[in-house]
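Sequences and hints are given; from them, build the entire structure.
If you're matching them up, the sequences are chains A and B in order.
For the first sequence, my numbering puts the final residue at 134, and the numbers step up evenly by one.
For the second sequence, my numbering puts the final residue at 137, and the numbers step up evenly by one.
The hints are simulated quantities; they were obtained by calculation from the structure and are not laboratory data.
In silico DSS-like pairs for lysine-lysine, Cα to Cα no more than 30 Å straight-line:
1) K117/A with K102/A
2) K37/B with K133/A
3) K60/B with K37/B
4) K41/B with K117/A
5) K41/B with K77/A
6) K34/A with K41/B
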Amino acid sequence: MAGIYMTINIVNYFDPFGGCYLNIDGDIVSGNKETIKAAIRYLGKTDRTAYRNLCTVVDRVSEKNCIIADQRIDSKGFIEGLNLDGCYVKGTRTIYLRPDKSDSPDVIEGRARTIKHYTEAVARFWEEYNSKQ
Amino acid sequence: MPKALKKSIKIFLFLLLTGALMYRFFFYYDPDNQCLIRLKPSLTEWSNGNVKEGIKVLKYAVPDEYEKLCAYVDKINPNYSCGGLGGGCYISGKAPTREIDISTAYDGFLGWTAAVIAHETCHAVQHEEGRPFNETECYGIGNYVLYSAVVY
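As structure tokens, then:
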């Protein structure tokens, strides 16, 4: 069992006691997958409500630059998107975080804040969508 | 349990599993909106999961573009095409089969995948309506999808 737990946690985030499983997609070149997991664990310790919300409404945390505009139409918007800490695409249960190689405590805490912020966006979208059905 | 019955059950389960996997990897089906799209196999796209999720972004976030996709597209080719990696392509020669090419990566940003799908659908609409191929209109559609779907 310990082997299974460790194997899953190499690739994704798995907290069996907290009932939490999240797919984690890291950016091999410019990112750091471990700080995403560290940020999630930090959230679990500091804000249990936000952590439970994350584990309920989100399936995946992906380290990827956000694209908020087509570069050919709105180059300023395109650059703005690349500089965002994160974003959420409606209709999914995926949160995106800007790739960052650093593993400093500031980065981990910052990622935890971004994850919390966009978890709320995910919850809000699906609540509004389901209320209209 | 008789041997023949055991064998029949095994064959049935095998066919059920094969059918489920075929549906999972090669079809997008939304009966409520009468939407059925066939997805061709692709080694680069792996499971077509990114394309299917991109379609769902349109469904939930940009319903008018989703309606067009379901009305004008029957097939998506997720293999490398004239749009290059991360892009898409519409080839008017494929118009009879109502097919668009979407070459976004299997783990690509879903907002972009949705935007590319909408962009190529725009070309399919232009063709069926007998209008000239116009990139400006379709870049605008892709941009509109990004503005509508991405929260930041």
